[in-house]
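J.: Here's the letter readout for the chains.
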Amino acid sequence: MLDLLSAVVTIENPRTPLMQVIRKKRPEGRLFVYFSEYGVLVARWSSRGVPTSLDFARGFPMGEARVVRPFLEEVGLVRRGNLVLATCGFSSSDRFIVKAEFDNPSRFRDPQYVSDYLNKNYPLGNSEKQAAVITPDRGMPSSLGAAAGGREFLLCGCARKTALAAQERCLEYGVYPERLELTTISSLAAMIVHLRQAYITTPVLVLDVTAGHTFAVILDQCAIASSKIIHEGIDTWISRLQQRLQLDELAVAKRLLCSDNFDFKDIGPELLKSYLADVQSIINYYEVASGQAIGHIWITGIPCHLSWVASVLVSSFGLEDVTPRLVDWLESQGIVADPSVIAGFEGCLFRLFSLMGNYDEEEARV
Amino acid sequence: MMRKKQESRDPKTGQLPVAWHSDFRSLDLLPHMGIARIVFMLKVVVIVLPVLFGIGWGYLEIEAFVARSKNGALRAEIADRSERNEITLEQSASYDFAAEKVQVVQHFYEVPLVPLSFLVEFAQKRPPGLVLKNLSVADMGEEFAGEPVESSVIHLQGYISDTSVSALEMMDSLKEILTGFESLKGRVGEIDVVSVRRDVISKLFTYSMTIQVGEPQD
Numbered sequence: 001m002l003d004l005l006s007a008v009v010t011i012e013n014p015r016t017p018l019m020q021v022i023r024k025k026r027p028e029g030r031l032f033v034y035f036s037e038y039g040v041l042v043a044r045w046s047s048r049g050v051p052t053s054l055d056f057a058r059g060f061p062m063g064e065a066r067v068v069r070p071f072l073e074e075v076g077l078v079r080r081g082n083l084v085l086a087t088c089g090f091s092s093s094d095r096f097i098v099k100a101e102f103d104n105p106s107r108f109r110d111p112q113y114v115s116d117y118l119n120k121n122y123p124l125g126n127s128e129k130q131a132a133v134i135t136p137d138r139g140m141p142s143s144l145g146a147a148a149g150g151r152e153f154l155l156c157g158c159a160r161k162t163a164l165a166a167q168e169r170c171l172e173y174g175v176y177p178e179r180l181e182l183t184t185i186s187s188l189a190a191m192i193v194h195l196r197q198a199y200i201t202t203p204v205l206v207l208d209v210t211a212g213h214t215f216a217v218i219l220d221q222c223a224i225a226s227s228k229i230i231h232e233g234i235d236t237w238i239s240r241l242q243q244r245l246q247l248d249e250l251a252v253a254k255r256l257l258c259s260d261n262f263d264f265k266d267i268g269p270e271l272l273k274s275y276l277a278d279v280q281s282i283i284n285y286y287e288v289a290s291g292q293a294i295g296h297i298w299i300t301g302i303p304c305h306l307s308w309v310a311s312v313l314v315s316s317f318g319l320e321d322v323t324p325r326l327v328d329w330l331e332s333q334g335i336v337a338d339p340s341v342i343a344g345f346e347g348c349l350f351r352l353f354s355l356m357g358n359y360d361e362e363e364a365r366v
Numbered sequence: 001m002m003r004k005k006q007e008s009r010d011p012k013t014g015q016l017p018v019a020w021h022s023d024f025r026s027l028d029l030l031p032h033m034g035i036a037r038i039v040f041m042l043k044v045v046v047i048v049l050p051v052l053f054g055i056g057w058g059y060l061e062i063e064a065f066v067a068r069s070k071n072g073a074l075r076a077e078i079a080d081r082s083e084r085n086e087i088t089l090e091q092s093a094s095y096d097f098a099a100e101k102v103q104v105v106q107h108f109y110e111v112p113l114v115p116l117s118f119l120v121e122f123a124q125k126r127p128p129g130l131v132l133k134n135l136s137v138a139d140m141g142e143e144f145a146g147e148p149v150e151s152s153v154i155h156l157q158g159y160i161s162d163t164s165v166s167a168l169e170m171m172d173s174l175k176e177i178l179t180g181f182e183s184l185k186g187r188v189g190e191i192d193v194v195s196v197r198r199d200v201i202s203k204l205f206t207y208s209m210t211i212q213v214g215e216p217q218d
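Taken in sequence, the protein lines are chains R and D.
Under this note's numbering, the first residue of the first sequence is numbered 1, with each subsequent residue one higher.
Under this note's numbering, the first residue of the second sequence is numbered 1, with each subsequent residue one higher.
Just chain D, with the same shape it has in the complex (with noise of 0.2 angstroms):
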């Protein structure tokens, strides 16, 4: 007669019948399979990686939400300051066009020297027989002979009554002379004869002189 017969392995523990089924193994001398390990390693792998996926997966979506919403904000507000920053450019334009008119003004009133007291002193100090024709001024950056100038500039011109040698020394003490006007307040540069000519049909010496002004000093 048959009878039933409970499961020779307990299917809750997996463990095979213990009574009167000592076990004589050496498991450490038994070779190591490694399954079981393998076995788990591959759950774990099979489990782990959709989750860690999962929430990688996740965090991105959640990421590119929060950056949808911050674009949206954002690109009203680029809507709103666009129409402030029209405003802003045409204000800006209109006030580098003033801004160059001023510079021009600025730079009109920030010659070098004041021709009044120069052309006084000059007159007060000229040597005898000297007579100033013509006096111009050359603002730094401003083209001279040709070539932009480095620093301002002043271009003196005239006549002499006299010998050629008389002129010529008489340049010389015109340069000393300018070297020490009050009005130029010691700016002066480099001094230069341009040019000293005998003038045929007036029979008197023509001269051109350029004045290098500095600067001011501090």
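Bound conformation, chain R alone (with noise of 0.2 angstroms):
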């Protein structure tokens, strides 16, 4: 599976000599670094702020801290002392995306007591968390006013030790996060954006897979309506493949899994199936809750080769895929992007993106 990250796609040779010259005479462009769970990926604008092209875009297996550093010491233009300052978003398993209405909003200031929230009123765990408050419309973080009691909001976040890992993490390779994200949030707002621009009203099932866990939101005129985790993800379906095949070592069962050759129109149905059925619970829960069908359903966080899982649900559920060209999505951002950079691995490029998104004045300029 991590091979399959390190293909590599540059538009623009960053140590060419010109642009050595220019990057000395004027150091300008940003830096974003996305730390998923298998590997790293790295882009660079060209400019500090949009418009702006996009000079590369690149992935890194995980655990090359010695090759991925050096990498982003030549690229990095900001330096904070031996660090580059990049945007920053990592992805988690144990992240969380919980809507709560607040009789006592100024409480939530406290990050303990968040924490206290969330352990005794979701079934998250009894680790420490690390959350946002924010609107569930806007995605703006709330000053938790007074004006702020009997009103919803989105609790996002993961457990703490889980983001200490993510900074830390930052600092191995050499980065000084300026911003560092959760990327099911950011991704989600993307997703928003994309939504808009292509005029699709009716609700989407999103499901954020990770190793662990799958979390299940629904996105219902472009706001988030609803969320559950799925206890099921990428290494629930390694060890049903490995006692589908009777393989002895897990390893195996994961190398064949990530394989292009193999075919799983077959079987991918019948490792799904459990998944299947909770996902279905869900749209149907949510469906005569609300009265609404849902007609989309875009899946994020899986490893590019991984698209056989995408194709078995959408097939399954009888769902419109919504996964945006990418292209188009960083051309409404004002970010120029070659079709060569981006091509081959777009499931995995959308979360790196959409750390670029300015999502502030999204509601007033669709």
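Take the hints with a grain of salt, since some may be wrong.
The calculated lysine to aspartate or glutamate pairs, modelled on EDC-like cross-linking and capped at a C-alpha distance of 20 angstroms, are [stated by the list, open to error]: (1) R:LYS161 to R:GLU37; (2) R:LYS161 to D:ASP28; (3) R:LYS254 to R:GLU232; (4) D:LYS125 to D:GLU182; (5) R:LYS161 to D:ASP23; (6) R:LYS99 to D:ASP23; (7) D:LYS133 to D:ASP172.
Here are some chain R residues the structure puts well away from chain D; computed CB gaps all over 12 angstroms [said to hold, decoys possible]: (8) PHE90; (9) SER92; (10) ASN126; (11) LEU144; (12) PRO203; (13) ILE230; (14) ILE283; (15) ASP321; (16) ASP338.
Here are some, though not all, of the chain D residues that point toward chain R, as calculated from beta-carbon distances under 10 angstroms [unchecked claim]: (17) PRO17; (18) VAL18; (19) SER22; (20) ASP96.
These are computed hints drawn from the structure, not numbers from a lab.
Just so it is clear, CB atoms sit at the ideal spot from N, CA and C, and this is done for glycine as well.
Once you've looked at the hints, go ahead and assemble the two chains, each given alone in its own frame, into the complex.
T.: Given below as structure tokens:
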């Protein structure tokens, strides 16, 4: 699985003499680094703000800090000591997005209170949580003043130790994060932008898949309507494939699952049987509760070569896949990218590119 | 279709867009780079140092201007006063010259004794057979016998018509008589008999005596 991310696509070699001269004279541009569960993705703008163009996008397998760090030092434009400044994102199996209505909003300013509240009211485990409180419609951070009483908010985050580990990983790779985001949140915002542009008004099922869990979110009217955790992810399917094919080693099953050559057309639905049932129950529950039919589905977070999962899900539920074309999405954000930059691993890059979006005025502009 | 997009970082505040971009950094655990502080300090140094230098330079210029103004006034005053000073110096020189004359006259009158009173008292009290031939007075600071005297000295010279033994006794009695001289007002110090010798030709004894006269006692 890791090897799949080693595919390198560049449209401009940052080491060319011309680039070096330009960079020395006027160090402009912004660096984006996404630490996924499977690798590190790096992209850079040619200027500090939009409109801009994408200099390059590159992926590295996880655990190659000795390779990635020199590369980041090479392409980094702004330095903080011996670290390069970059907007960073990370993904995690223990992430969560829950809706909550506050009677005493000011108490939610205390991070410890938020953590205790989440552990007490939601099945998220007992670990200490780090959460951001944002508005469900525009994703803006709330001041949690007295006027916020009785209103609904989204609590987004993950275990605190996960966020700390992500920060440590940034430093390990020689990156000083000017911001460290949970890409589950930013990618949902990026999808909302796409839905608005595509005039999709029917509810959309978003499946954010990680190794251990799947986070199912329903977007309705370009807002988060519902969320639920499915305790099944890629590791589950690897284990199931090992049992199904009676393989001795888990690593073999892992390589097989990510293989391009293996046909999952027949075995795929069998591997995802219980997963499909969980997703089906979420769809049914929402449709009954809201009275609306879910018409679209978007699967995110899975490595590029697990595209068969999306195919199985789309065909099983008869839903339309709304995965956006990245070039178009970037263009809508004022970022010009050569199609060759992103060809081949669009699904992987969407989370990285979601870090680049400016969603502050999205509602007003669309 | 491409839409125009706003600047991703607000140019006014320098803040990144915040909607759906929650930050999960733990700032207290990030390494402190101190870049901002160094840049701030550099800016402060770049701005404050020239300002301080300018203020200091301005202050020195003002001080120099004031000093130059005072200098001109003082030069004019010096030129004015130097003329008067020359006149004053000439007057001072003439005063000094006159003062020397006055001092000489003053010394002349400030002899330690009134010679006439001394001679009258000497004539009355002298032992019989003792003749005074010469009386001289050396004032303090003047030379007597080649050396400067520390106090006024009266020098008596004369003859004694008697034997050698009697001449010596007469000298002793003269010492006692001189000690009680009223004309010397008790200022008699040491009385020395310089010499008593026989003159072969006149067969008389010649004597020489000095009387130290001290400062008047209050």
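J.: Give a verdict on every hint.
T.: How the hints compare with the structure:
| no. | hint | result |
| --- | --- | --- |
| 1 | R:LYS161 to R:GLU37 | holds (15 angstroms) |
| 2 | R:LYS161 to D:ASP28 | holds (14 angstroms) |
| 3 | R:LYS254 to R:GLU232 | holds (15 angstroms) |
| 4 | D:LYS125 to D:GLU182 | holds (11 angstroms) |
| 5 | R:LYS161 to D:ASP23 | holds (15 angstroms) |
| 6 | R:LYS99 to D:ASP23 | holds (19 angstroms) |
| 7 | D:LYS133 to D:ASP172 | holds (18 angstroms) |
| 8 | PHE90 | violated (8 angstroms) |
| 9 | SER92 | violated (10 angstroms) |
| 10 | ASN126 | holds (20 angstroms) |
| 11 | LEU144 | holds (14 angstroms) |
| 12 | PRO203 | holds (19 angstroms) |
| 13 | ILE230 | holds (23 angstroms) |
| 14 | ILE283 | holds (25 angstroms) |
| 15 | ASP321 | holds (22 angstroms) |
| 16 | ASP338 | holds (14 angstroms) |
| 17 | PRO17 | holds (4 angstroms) |
| 18 | VAL18 | holds (6 angstroms) |
| 19 | SER22 | holds (4 angstroms) |
| 20 | ASP96 | violated (86 angstroms) |
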